[in-house]
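Novice: Using the sequences provided together with the hints, build the complete structure.
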Amino acid sequence: APPSLCVPVVMSGSLGEFSVAGPFETRNFVDGEFVKSSSGKTFETVNPATEEVIASVEDSNATDVDAAVAAARRAFADGSEWKTMNASGRRDLMLKLANAIESNK
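Okay, so the sequence shown: first residue is 1 according to our numbering, each after it adds one.
Because the hints were derived from the structure by calculation, they are not lab data.
Built from N, CA and C at the ideal position, the CB exists for glycine as well.
Be careful, since some hints might not be right.
Claimed, not checked - 30 Å max Cα-Cα, derived DSSO-like pairs, lysine-lysine:
{"hint": "1", "residue 1": "K96", "residue 2": "K83"}
{"hint": "2", "residue 1": "K41", "residue 2": "K96"}
{"hint": "3", "residue 1": "K96", "residue 2": "K36"}
Said to hold, decoys possible - What follows is a list of derived Cβ distance ranges for each label pair:
{"hint": "4", "residue 1": "K36", "residue 2": "N86", "range": "20 to 28 Å"}
{"hint": "5", "residue 1": "V69", "residue 2": "A98", "range": "21 to 29 Å"}
{"hint": "6", "residue 1": "S88", "residue 2": "N61", "range": "33 to 41 Å"}
{"hint": "7", "residue 1": "T84", "residue 2": "E44", "range": "39 to 47 Å"}
Specialist: In structure tokens form, the structure reads like this:
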């Protein structure tokens, strides 16, 4: 079984300057948390060129999609922190995210 790492996007092999060891287990990111699908099932994705398993991902269904959509709507609802944040505040958060990504290459 692949290691249980919760990362939003993963791949194995190389793509340009990126190289990530794998395979990894991925989970849905809903309401600020990594969660399993409601079915508890996963499926493997395969690199068609090499037939190498590159990830094991949640086998999400309509219930999972509904939960993700509801969470997204809450994130942008009147009075939410993100919706009321000004452009420079959003920029600062996105730059912080970019720096975190860069430091973890």
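Novice: Would you mind marking each hint as holding or not holding in the structure?
Specialist: Hint check:
1. K96 with K83: holds (18 Å)
2. K41 with K96: Violated, because 34 Å separates the two Cα atoms, which is more than 30 Å.
3. K96 with K36: Holds: K96 and K36 sit about 27 Å apart, inside 30 Å.
4. K36 with N86: 20 to 28 Å: For N86 against K36, whose Cβ atoms are near 36 Å apart, the range 20 to 28 Å is violated.
5. V69 with A98: 21 to 29 Å: holds (26 Å)
6. S88 with N61: 33 to 41 Å: holds (39 Å)
7. T84 with E44: 39 to 47 Å: For E44 against T84, whose Cβ atoms are near 41 Å apart, the range 39 to 47 Å holds.
Violated hints, listed in ascending order, are 2, 4; each of the other numbered hints is respected by the structure.
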